[in-house]
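Residue strings, one per chain:
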Amino acid sequence: MLAQQLVNGVLLGATYALFALGFTLMFGVLRVINLTYGFYFSAGAFLSLALTRQLGLGIWAALPLAAIGAGIMAVGIDWLLLTRLRRRATAELDSLMVTLGGVLALYSAMTAWLGPDIRRLPPGLVSADSFVIAGVRITTAQILILGATLLLVALLLALMRGTRLGLAIRAMAEKPDAAGLMGINTARASALVSFISGCLGGAGGVLIGLNFNAIHPYMGETMMLRGFVVIIVGGLGDIRGALIAGVALGVIEVLTAGYISSGLKEAVAFAILVAVLWTRPQGLFGRAVMRRA
Amino acid sequence: MMRRTLAIALLAMPALAQSQPVMAQPIQVGAIEILSGPNAAYGVAIKGGLDLALDEINAKGILGGRKIQLTVEDSAANKDQAINAARKLIGRDKVVAIIGPTLSNEMFAVGPVTNERKIPTLGTSTTASGITEIGPYIFRTSLPESDVIPVTLKAAQARGVKTIALMYANDDAFSKSGFDVMKAAAEKAGLSILAIESFGSKDTDFSAQLTKIKSLKPDAIGLSALVEPVSGVLLQARSLGFGKETLFIGGNGSNSPKLGEIAGPAADGLIVGSPWFIGKKADNNEAFVAAYKAKYSRDPDQFAAQAYDAMKIMAGAIDRAGAAEPEKVRDALAKTDSSGVMGPFRFTEGRDPATAAGVVVLVMKAGKFAVLE
Amino acid sequence: MSIPPWLDDLLWTYQNLIHAMGVNGLLALSMYVVLAIGQLSLGQAAFMGLGAYSSALMTLKLKLPFFVVLPASVAAPVLVALLIGVPTLRLSGVYLAIATIGLGEVLRAVYLNVDVFGGALGLNGIPERAETWMIFGILAAGITGLWLVGRSGVGRAMEAMREDPTAAAVMGVNVPRYHLAALVTSAILAGLAGALSAHVSSFIGPNEYGFEPAVTILSFALLGGIGTPIAAVAGAWFLTLLPELMRDLPQVRLTLNGVIIVLAVLFLPRGLLGWRMGRKAA
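Order-wise, the sequence lines are chains L, A and D.
Heads up: the first sequence begins at 1 in this note's numbering, then just goes up one per residue.
Heads up: the second sequence begins at 1 in this note's numbering, then just goes up one per residue.
Heads up: the third sequence begins at 1 in this note's numbering, then just goes up one per residue.
If you are wondering where the hints come from, they were derived from the structure by calculation, not from laboratory data.
Every residue, glycine too, gets a C-beta built ideally from N, C-alpha and C.
No false leads were mixed into what you were given.
For lysine-lysine, the following DSS-like pairs were computed, each having C-alpha atoms within a straight-line distance of at most 30 Å:
hint: 1; chain 1: A; residue 1: K281; chain 2: A; residue 2: K244
hint: 2; chain 1: D; residue 1: K61; chain 2: A; residue 2: K118
hint: 3; chain 1: A; residue 1: K60; chain 2: A; residue 2: K280
hint: 4; chain 1: A; residue 1: K94; chain 2: A; residue 2: K328
hint: 5; chain 1: A; residue 1: K295; chain 2: A; residue 2: K280
hint: 6; chain 1: A; residue 1: K328; chain 2: A; residue 2: K67
hint: 7; chain 1: A; residue 1: K118; chain 2: D; residue 2: K63
hint: 8; chain 1: D; residue 1: K61; chain 2: A; residue 2: K183
hint: 9; chain 1: A; residue 1: K217; chain 2: A; residue 2: K183
Which residues of chain L face chain D? A few of them, derived with a C-beta cut under 10 Å, are:
hint: 10; residue: I33
hint: 11; residue: L81
hint: 12; residue: A105
hint: 13; residue: S108
hint: 14; residue: A112
hint: 15; residue: L236
hint: 16; residue: E266
Could you build the full structure based on these sequences and the hints that come with them?
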């Protein structure tokens with residue numbers, strides 16, 4: 001049973017990490033609490049639903065298209081809500097507030113338009129079979145999530161460390177004013193970060209919607225609290241940290257539910273969060289995160 | 001600016017209520033349902049059932065040709081907004097009776113207010129225990145879980161179930177109350193309870209709880225939660241290797257056509273006790289299902305069916321009361337003896353449904369409920 | 001002098017709304033106290049829950065009279081504020097916000113899992129003991145008290161901390177002590193709000209004091225503006241009335257609610273009432 005529980009934990013943790021990747025990037029680089037992130041997650045899932053149900057696309061076509069769609073939305077919403085706030089002295093509070101209002105409007109508009117029902121992607125989009133390896137069961141969708149999470153982490157790290165764009169983004173995360181003075185087009189770099197975050201959120205929505213078979217307008221909202229825990233424990237903007245923190249959170253939650261009490265599952269996540277904040281508020285994996293990303 | 005708008009709105013209210021002549025005046029009935037936010041699906045189904053019944057009632061008229069004006073207020077599943085809605089319906093719209101609210105939690109907040117004002121209040125979807133104990137003006141047409149679950153467990157025992165594990169959502173009143181009933185009923189029926197596991201009603205991952213339960217090999221798993229998490233549990237149970245040897249037993253929350261839509265074949269074999277089911281062979285039920293499909297182009301669920309009957313029960317009570325006065329409507333409501341799509345209906349002394357005779361045990365087959373043979 | 005029946009009816013109809021305005025006003029003040037010194041602490045909903053649950057239990061289980069229950073209801077929130085206050089003093093900005101939201105979620109798990117709190121069913125049948133005049137009396141006292149503090153030298157120190165904590169510390173302001181004092185005051189106000197609301201609405205449940213209410217309370221103060229306590233209260237009143245004014249538009253109500261918040265933040269950067277506290281000889 002322990003082996004299965006550990007696998008359950010890693011898989012759950014992979015979904016947390018997948019959700020948190022774009023969130024931590026947005027948070028770490030743009031330095032604002034952007035509560036609209038969860039909406040891109042829902043939007044990606046709904047886009048994939050339309051693409052697969054109405055246009056009959058397969059998962060390999062629908063996944064990138066939905067991700068790009070969510071990314072474009074992120075850029076648009078970011079531009080509408082946040083550009084004029086960046087210059088303000090109280091940008092942190094104001095952006096929290098404006099994205100709070102924005103996300104309320106977006107979720108409820110989406111619910112009014114599409115209805116509150118739970119939907120699912122067409123059955124058979126991914127094989128529903130599960131494999132049994134050494135007594136441990138795992139499904140195709142779960143393997144897909146695990147693979148996608150690792151792949152996206154690798155791609156993001158390569159982008160951040162190995163490209164000029166990555167350098168510009170890291171410079172911006174460190175010192176936005178200085179980056180501007182050094183000739184980095186910060187407006188364009190912010191838009192790109194929004195786009196990438198939106199794409200990651202959208203892709204996460206598709207994959208997690210596929211795994212749990214449940215797509216509904218508020219699905220992103222329900223992930224937000226776990227998302228906060230992961231990005232704080234992992235360190236803001238720390239991509240590797242998000243992966244480690246996500247998986248650790250998943251494993252701890254599953255072990256708590258499996259061996260102590262399922263009622264405590266959620267409380268443990270937040271107890272860890274509070275403990276980490278008290279002892280290492282810069283996240284478990286150090287500070288000045290984007291420099292090392 | 002805001003203050004002035006409010007002042008004008010406040011001043012306009014009493015004037016509006018008095019502007020129409022008495023004869024043409026429709027009878028004011030209110031409903032409080034969840035029409036927005038994440039739980040809107042329940043309220044929308046209920047409103048669908050109410051509106052459908054209202055069409056039929058108003059085509060004939062009651063109290064000698066008067067129509068019912070039904071004002072449906074949104075509670076957004078928020079306690080304060082539900083109370084505000086009740087106060088608005090009573091104080092401003094002068095309703096003679098209120099149908100709803102949707103959730104048991106909301107009823108615990110709204111009931112004391114309507115009861116204090118002696119406005120008969122009819123819950124159609126509130127299954128928690130203690131609802132009608134709020135006061136003599138609080139009624140419900142929804143069968144409490146304690147009437148349904150024992151019937152379901154009996155059917156399970158007939159199929160050889162001796163051990164059971166229970167799973168429930170511990171953060172909403174409906175699921176928790178259903179679980180309490182399920183636990184008591186299982187003990188009373190002599191089933192041995194191997195494990196009790198909880199989850200959050202918005203959770204999507206149940207693998208830890210299911211893996212633990214699987215290692216204990218119970219004959220059955222009892223589920224008390226709303227349809228969304230129940231679907232999630234079933235889907236995940238199948239991928240963790242639960243097969244036909246484990247019987248899944250649902251509470252009232254599982255009794256929704258959405259279970260088949262969301263969980264698909266994973267839900268096959270689940271049994272649930274229900275006061276109503278869509279394929280019930282009765283003329284009035286077939287007519288109801290056809291009319292509902294024609295009006296909304298989707299299948300009705302039990303919430304819609306319960307609401308449809310409740311609207312008719314309320315209209316019947318107002319008609320028998322002889323006048324649109326809350327006190328008389330309450331007394332007439334208590335004497336209800338009608339027959340709807342759910343079957344024959346009367347209230348107990350405690351204003352709960354009198355009979356659980358109509359309860360059938362359903363089994364999920366290929367995404368649809370059928371009567372368990 | 002007797003009240004005419006239509007006015008009586010009108011007051012009855014809007015009684016809950018009027019109570020909610022008072023309670024939310026107190027919550028906005030509770031938020032204002034910490035925001036005024038630049039602390040983004042979001043524990044108000046958690047403190048409110050502690051006040052609500054502890055007072056309801058005192059009334060229901062211990063059968064204490066309300067004049068004992070109401071003052072005693074601040075004990076639990078203050079205790080927790082002191083408990084979390086000391087270690088979280090070092091935190092700022094986003095970290096503090098999330099730590100305090102975490103507190104609310106931990107408490108929610110406690111309410112759900114410990115039997116005396118009634119689990120998901122919450123506590124119901126709480127007698128209606130709080131009167132409208134009590135709520136508004138406490139609110140008025142809170143506004144006046146905070147106004148007086150704001151106008152004094154303490155207020156200047158608070159503003160200095162908000163604008164630049166380092167400079168304030170250099171100039172001799174004991175920043176940690178102010179932070180703790182603000183947190184405790186915030187806990188007292190929220191605890192009272194919780195006790196009052198529990199004793200007007202007859203039912204409390206575990207899901208009323210989590211993440212969403214925390215964010216709503218923040219939006220009260222931010223929308224109104226944090227220059228003065230009265231502005232924060234005005235923000236609360238506006239957001240409390242907004243859904244009721246839009247009752248006839250259920251489909252678009254939440255959407256409009258969100259859009260109004262967005263527009264207010266974008267175009268009214270200092271809040272709806274953006275003036276600052278007048279102070280003698282600045």
